[in-house]
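Line by line, the protein sequences are chains X and U. Each step along the first sequence adds one to the number in the UniProt record's numbering, with nothing skipped, and position 436 is 436. Each step along the second sequence adds one to the number in the UniProt record's numbering, with nothing skipped, and position 159 is 159.
Don't take each hint at face value.
Note that identical chains are pooled: a pair holds if it fits in a single copy or bridges any two copies.
[Stated by the list, open to error] Pairs of lysine to any residue, SDA-like flavour, derived with a Cα cap of 25 Å:
hint: 1; residue 1: K292; residue 2: G119
hint: 2; residue 1: K98; residue 2: T336
hint: 3; residue 1: K59; residue 2: Y274
hint: 4; residue 1: K413; residue 2: I433
hint: 5; residue 1: K156; residue 2: R347
hint: 6; residue 1: K182; residue 2: K493
hint: 7; residue 1: K59; residue 2: G356
hint: 8; residue 1: K493; residue 2: L83
hint: 9; residue 1: K59; residue 2: P78
hint: 10; residue 1: K157; residue 2: D362
hint: 11; residue 1: K413; residue 2: A129
hint: 12; residue 1: K164; residue 2: E56
hint: 13; residue 1: K292; residue 2: A26
hint: 14; residue 1: K94; residue 2: Y400
hint: 15; residue 1: K122; residue 2: R196
hint: 16; residue 1: K473; residue 2: T415
hint: 17; residue 1: K98; residue 2: G376
hint: 18; residue 1: K122; residue 2: G401
hint: 19; residue 1: K122; residue 2: Q396
hint: 20; residue 1: K432; residue 2: W181
hint: 21; residue 1: K94; residue 2: T359
hint: 22; residue 1: K122; residue 2: R363
hint: 23; residue 1: K494; residue 2: R125
hint: 24; residue 1: K268; residue 2: G401
hint: 25; residue 1: K160; residue 2: V371
hint: 26; residue 1: K168; residue 2: R340
hint: 27; residue 1: K275; residue 2: T329
hint: 28; residue 1: K268; residue 2: T15
hint: 29; residue 1: K443; residue 2: T201
hint: 30; residue 1: K35; residue 2: R347
Bear in mind the hints are in silico, worked out from the structure with no lab data behind them.
There are 2 protein chains.
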Amino acid sequence: MFESAEIGHSIDKETYEKAVLELREALLEAQFELKQQARFPVLILINGIEGAGKGETVKLLNEWMDPRLINVESFLRPTDEELSRPPQWRFWRKLPGKGRIGIFFGNWYSQMLHARVEGDIKDARLDQAINDAEGFERMLCDEGALIFKFWFHLSKKQLKERLKALEKDPQRSWQLNPLDWKQSEVYDRFVRFGERVLRRTSRDYAPWYVIEGADEYYRSLSVGRIILEGLQAALKHKGRPKLQPHAAPLMSSLDNLSLLDSLDLSRKLDKDDYKEQLATEQARLNGLLRDKRMRGHALMAVFEGNDAAGKGGAIRRVTGALDPRQYRTVPIAAPTEEERAQPYLWRFWRHVPGRGQFTIFDRSWYGRVLVERVEGFCSEADWLRAYGEINDFEEQLHNYGIVLVKFWLSIDKDTQMERFKEREEVAFKRYKITEEDWRNRDKWDLYVDAVDDMVDRTSTEIAPWTLVEANDKRYARVKVLRTINEALEAAFKKD
Amino acid sequence: MFESAEIGHSIDKETYEKAVLELREALLEAQFELKQQARFPVLILINGIEGAGKGETVKLLNEWMDPRLINVESFLRPTDEELSRPPQWRFWRKLPGKGRIGIFFGNWYSQMLHARVEGDIKDARLDQAINDAEGFERMLCDEGALIFKFWFHLSKKQLKERLKALEKDPQRSWQLNPLDWKQSEVYDRFVRFGERVLRRTSRDYAPWYVIEGADEYYRSLSVGRIILEGLQAALKHKGRPKLQPHAAPLMSSLDNLSLLDSLDLSRKLDKDDYKEQLATEQARLNGLLRDKRMRGHALMAVFEGNDAAGKGGAIRRVTGALDPRQYRTVPIAAPTEEERAQPYLWRFWRHVPGRGQFTIFDRSWYGRVLVERVEGFCSEADWLRAYGEINDFEEQLHNYGIVLVKFWLSIDKDTQMERFKEREEVAFKRYKITEEDWRNRDKWDLYVDAVDDMVDRTSTEIAPWTLVEANDKRYARVKVLRTINEALEAAFKKD
C-alpha cells in the first residue's frame with residue numbers, strides 16, 4: 001500500500017513554481033465555484049507519518065486558497081465538553097457547511113491509530129473504530145460531502161533523516177504528537193496498523209491517497225492537484241453529488257516516476273546459479289506442499305504481468321516440481337455467459353482451493369483494474385469500486401488461512417519488442433503473438449498507471465504484491481518460486 | 001422492531017383467495033419480465049422464528065411462480081467441500097444468475113444467530129459476522145442484485161401454541177433446526193440477537209421486512225405483495241438497478257390493522273390517582289437525576305405524536321418537578337439556514353447532552369421519516385436511508401451511556417377533533433391551532449403508515465419506542481414519567 005510512496009518522488013523547484021502559479025489560480029476558481037453552488041461541503045483528512053509534511057501541507061493549502069472559506073480543525077486533546085459526550089460529537093460540531101472546506105487534522109483515524117499503536121486498544125476495538133469511521137463517511141457522502149483522505153508517508157530511512165533535521169529546529173513542538181517516533185517499533189506498528197486502516201476504509205467514494213512526503217515540492221503539488229481534480233469533477237457533476245466515486249487518475253505521478261520504473265530490470269542469474277537455485281526452490285516447494293501443516297492452509301498464486309513477460313514459463317517452473325494432483329492451473333480469459341450473469345468476483349470464488357490445495361491463476365481478478373480499466377470494458381465506477389471489493393475478498397481468503405501470493409512480472413519495452421519479434425519469427429511460438437498484443441503495447445503507459453494504482457490499493461500486509469524483474473527469465477522464475485516458498489514458510493511458522 | 005408483528009394480523013380465506021389469483025398472475029408476469037431483461041438477479045433471504053411459516057412460504061412462492069427460474073437453497077450442514085473453504089464460498093456458489101431468483105434458507109443470518117444463541121460466539125464475533133454480511137450484500141447490490149430479507153416473527157405466546165400444534169405432526173423433522181425452541185430462553189435470546197442483527201443490517205438498498213407469521217393467509221399474501229412490488233419497481237427502473245433503495249411502502253398492512261390501532265386508547269386515570277401518581281413519579285425523577293450514578297449517564301427524551309396529543313402538557317409535567325438547571329428543552333422546527341447546510345443529523349447532534357444532563361426534544365430527528373416523508377420535503381431515498389442512519393446515531397448515544405426514551409403520543413381522530421375545536425374556541429389556546437394542523441389531519445392515514453414503519457424500523461432494544469395512549473391526558477402524563485424513571489433505573493442497575 002505504501003510501496004509507491006517510497007521510491008523517491010521529487011520535482012525540481014522551477015517546475016514546481018511554474019505549476020503552482022496555475023494550480024493556485026485554478027484552486028481559487030474552484031473554491032469560488034464551490035461557494036457559489038453551495039451544494040456540498042468538502043472534507044480533507046490529513047493523516048500519516050510524523051514529519052511527512054502534514055502541517056506544512058495544511059499551511060500551504062490555506063495560503064493557496066481563500067482561508068475564509070476553510071476551517072482548519074485540529075482535534076488534539078478533547079475539551080471537557082467533548083469528553084462528556086459520545087466520541088463522534090466533536091467531529092460533528094466542526095463539520096464544514098455546504099460550500100465550505102474543512103481540513104481535519106488529528107481526526108478519527110489519528111485517534112484510533114494512536115490508541116492501537118500505544119496498545120490502549122486491541123484489534124477488535126480497532127476494527128470497531130474502523131467500522132464506525134466507514135459508517136460516518138458513508139453517511140456524509142450520502143448527504144453529498146466530498147471527502148479526500150491523505151496519508152503522508154515516509155520510509156523508515158526517510159523518517160530517521162527527517163527526525164534528525166527536526167531535532168535542530170527549536171520551534172518544533174513535540175507535545176502535539178505524543179508517539180515517540182524515534183523508536184523504530186513505533187514506526188513499524190504505525191505502518192502496520194495504518195495499512196489495516198487504509199485497506200478497510202479506502203472506498204470508491206472516499207479513497208485514500210498515499211503521498212510520499214519526503215520531497216516538499218512533489219508532496220505539495222500532488223495534494224493540490226488531487227484536490228483540484230476531485231473538486232472540479234464534483235462541481236461539474238450535475239444533480240446531487242452523493243456517493244460519487246472519485247475521479248481517476250487515482251495518483252498524480254507528477255514526476256513521471258512510477259513504481260515499475262523503480263525496479264532494477266538488469267537483475268539476472270547466470271545459467272549455473274539458475275539451475276542450482278531452481279532445483280533447490282522446486283524441491284523446497286514440493287516439500288512444503290507435502291508438509292502436514294499444509295492441511296490447515298491452501299495456496300493461491302496469481303500471475304499478472306506485461307505481455308511476453310514470461311508468465312507461462314514461470315508457471316511451468318512452479319508446476320514442474322509438482323505432481324499434477326498437487327495443483328490446478330486456472331487460465332482466466334473472457335468470462336463465459338454463465339459468469340457474466342454473476343457478480344464480478346463469482347468466477348474467481350468458484351476456483352478458490354480447498355484446504356491443502358494449490359491453485360495457480362494465470363491472470364486473475366485483477367483483470368478488472370488492468371485490462372478492463374484500460375480498455376473500457378467496465379465503467380469507471382466499477383473498477384474504482386473493485387479495489388475495495390478485492391481487498392475484502394482477499395481478507396476472507398487470508399482469514400481462512402489461505403496463503404495468497406501475487407506476482408506482477410515486469411519487463412521493459414525493448415525486451416517486449418525483442419520477444420514479440422522472436423515469437424513472430426519462430427514457427428512454434430507464433431501462436432503466442434496476436435494483434436491484441438500489439439494493441440496492448442500501444443497502451444503501455446496506461447498500463448503503467450493501472451499497475452501503479454493496483455499495487456498502491458491492493459498490496460496489503462495480508463496479500464502483498466511481489467513485483468518481479470523479468471527481463472531475465474531465469475532471475476524471474478527463481479524469484480517467483482522463492483517468494484512462494486517464503487510465504488508458505490511464514491504461514492506455517494505462525495501456526 | 002417486532003412490535004407490529006405481534007398484533008394479530010390476519011385476513012379471511014375469501015379475501016385471500018381472491019387476492020392470490022391476481023397476485024400469482026402478476027408475479028408470473030414479473031418473473032417472465034425478469035428473465036427477459038436478464039439484467040439483475042433476485043435474492044430472497046428467509047429468516048426468523050421457528051414455526052412462523054418460513055418453509056410454508058417458500059413452498060408457496062415456488063408454487064406461485066415458475067420454479068424453473070427459482071433456486072431454493074437451504075444451507076444446512078456444510079459439505080466437506082464447503083468446510084474446506086472460506087465460509088462465504090458456499091453462498092457464492094449458489095448465487096442466482098441475472099434473470100433468476102434465489103431463495104436462501106439457512107443463510108448467513110441463520111448461521112450467525114444460531115451460533116450466538118447457542119453461545120458458540122460472543123458479541124464481538126457476531127458484530128464481525130454482521131459487518132461481513134453487510135459488505136457482502138452491499139457488493140451484491142452494487143453489482144445490481146435485488147435483495148429481499150424476510151423475518152418471520154411470532155410472539156412468545158404464538159410460538160408456544162405453534163409448537164404444541166407441531167408436536168402432533170409426525171412429519172415434522174426436528175433435525176433441521178437444532179435450537180430447542182421449547183426453552184423460553186432460546187426465544188428470548190433469538191429475538192434479542194435477532195433485533196441486533198436486523199437493526200444493523202437493515203439498509204435502504206436491502207431492508208428487512210418483518211412479517212407476523214401466525215396467520216397463514218396474512219403472511220403469504222404480505223410476502224407475495226412485497227416481492228411483487230419490489231420486483232416491479234426494479235424492473236421499471238431504467239439503467240443499472242444498482243444500489244436502489246427498495247420501493248415504499250415498507251410494510252404491506254393488508255388487513256388495515258396498524259400498530260396504532262392496537263392501542264387501547266380508553267385507558268385513563270381518575271383525578272385522585274393521577275395526582276398521587278404524578279407526585280410520586282415526579283419526585284422519583286427528581287431523585288434519579290440527582291443520583292450520583294447519573295454522572296455516568298445522560299438522558300434524552302424524544303416527544304412525537306399526533307397534533308393536539310398533548311406533547312406540551314406531558315413535557316411540562318416532566319419538567320415541573322425539576323430545577324431549570326437540570327434540563328433543557330429543544331423545540332424542533334424547520335431547520336435554519338446553517339442547519340440546512342449540514343447533514344441531516346447535525347442539528348440534533350449539536351444538542352446531545354453532556355454527562356449528567358437531561359435534554360428534552362419536542363419533536364426530533366424522526367421528523368425526516370414523519371413529516372418530511374408525508375409532505376415530500378425530502379426525497380424517498382433520503383427518508384428510506386434515514387432509518388439506518390438514525391439507528392446508527394442512537395447506537396452511538398447508547399454506547400456512550402446515554403439513556404434514550406422515545407414517546408409517540410397517540411390519540412384517535414375524534415379526540416383530535418374535540419381538541420382542535422376547543423382550541424379554536426378558547427382564546428388563550430387559539431395560538432395553538434393553525435391551518436397546518438387541519439392539513440395534517442387530512443393526511444391522518446399517511447401518518448399512521450409512517451408511524452408504523454418508524455416503530456418497526458427504529459424501535460430497538462437499545463432505544464425502544466413507547467407508544468402512549470393519550471386520549472386521557474392524565475394517563476399519558478403518568479405513563480411518560482414512569483417510563484423515563486424506569487429507563488433510568490434500569491440503566492443505573494446495569495452500572
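Hint-by-hint comparison with the structure:
Taking identical chains as interchangeable, the C-alpha atoms of K292 and G119 are never at most 25 Å apart, the minima being 35 Å within one chain and 32 Å between chains. For the homomeric pair K98 and T336, the shortest alpha-carbon distance between copies (13 Å) is at most 25 Å, but the shortest distance inside one copy (46 Å) is not. Proximity of K59 to Y274 under the C-alpha cut-off of 25 Å is found in neither arrangement, the shortest distances being 54 Å within a copy and 64 Å between copies. In this homomeric assembly, K413 and I433 come within 25 Å of each other (Cα to Cα) only inside a single copy, at 15 Å, whereas the closest approach across copies is 80 Å.
With identical chains, the CA atoms of K156 and R347 are never at most 25 Å apart, being 40 Å at best within one copy and 44 Å at best between copies. For the identical chains of this complex, K182 and K493 are neighbours neither inside a copy (30 Å) nor across copies (47 Å), given an alpha-carbon limit of 25 Å. Taking the shortest alpha-carbon separations for K59 and G356, neither the intra-copy value of 54 Å nor the inter-copy value of 39 Å comes in at or below 25 Å. Taking CA atoms no more than 25 Å apart as the test, K493 paired with L83 passes between copies only; the shortest distance there is 23 Å, against 43 Å inside one copy.
For the identical chains of this complex, K59 and P78 are intra-copy neighbours only, at 22 Å inside a copy versus 57 Å across copies, given an alpha-carbon limit of 25 Å. Taking the shortest Cα distances, K157 and D362 never come within 25 Å of each other, neither inside one copy (36 Å) nor across copies (59 Å). With identical chains, the CA atoms of K413 and A129 are never at most 25 Å apart, being 45 Å at best within one copy and 47 Å at best between copies. Only within a single protomer do K164 and E56 lie at most 25 Å apart by alpha-carbon distance; the minimum there is 17 Å, versus 73 Å between protomers.
For the homomeric pair K292 and A26, neither the shortest alpha-carbon distance inside one copy (62 Å) nor that between copies (57 Å) is at most 25 Å. Taking the shortest Cα distances, K94 and Y400 sit within 25 Å of each other only across copies (20 Å), while inside one copy they are farther apart (41 Å). When the C-alpha separation of K122 and R196 is checked against a cutoff of 25 Å, the pair qualifies both within a copy, at 13 Å, and between copies, at 23 Å. In the homo-oligomer, the alpha carbons of K473 and T415 lie at most 25 Å apart inside one protomer (11 Å), although the nearest pairing across protomers, at 88 Å, exceeds that limit.
In this assembly of identical chains, the alpha carbons of K98 and G376 lie at most 25 Å apart only when taken from different copies (22 Å versus 34 Å within one copy). Taking the closest pair of Cα atoms, K122 and G401 come within 25 Å of each other both inside a single copy (21 Å) and across two copies (22 Å). Taking the closest pair of Cα atoms, K122 and Q396 come within 25 Å of each other both inside a single copy (20 Å) and across two copies (20 Å). In this assembly of identical chains, K432 and W181 lie within 25 Å of each other by CA distance neither inside one copy nor across copies; the values are 52 Å within and 64 Å between.
When the C-alpha separation of K94 and T359 is checked against a cutoff of 25 Å, the pair qualifies only between copies, where the shortest distance is 21 Å, while the shortest distance within a copy is 50 Å. Neither within a single protomer nor between protomers do K122 and R363 lie at most 25 Å apart by alpha-carbon distance, with minima of 37 Å and 40 Å respectively. Proximity of K494 and R125 under a CA criterion of 25 Å is satisfied in both settings, with 23 Å inside one chain copy and 22 Å between copies. In this assembly of identical chains, the alpha carbons of K268 and G401 never lie at most 25 Å apart, being 33 Å within a copy and 63 Å across copies at closest.
Taking the shortest alpha-carbon separations for K160 and V371, neither the intra-copy value of 39 Å nor the inter-copy value of 59 Å comes in at or below 25 Å. Neither within a single protomer nor between protomers do K168 and R340 lie at most 25 Å apart by alpha-carbon distance, with minima of 61 Å and 48 Å respectively. When the C-alpha separation of K275 and T329 is checked against a cutoff of 25 Å, the pair qualifies only within one copy, where the shortest distance is 24 Å, while the shortest distance between copies is 82 Å. For a Cα distance limit of 25 Å, the shortest separation of K268 from T15 qualifies neither inside one copy, at 36 Å, nor across copies, at 81 Å.
Taking the closest pair of Cα atoms, K443 and T201 never come within 25 Å of each other, the shortest separation being 31 Å inside a single copy and 43 Å across copies. For the homomeric pair K35 and R347, the shortest alpha-carbon distance between copies (21 Å) is at most 25 Å, but the shortest distance inside one copy (46 Å) is not.
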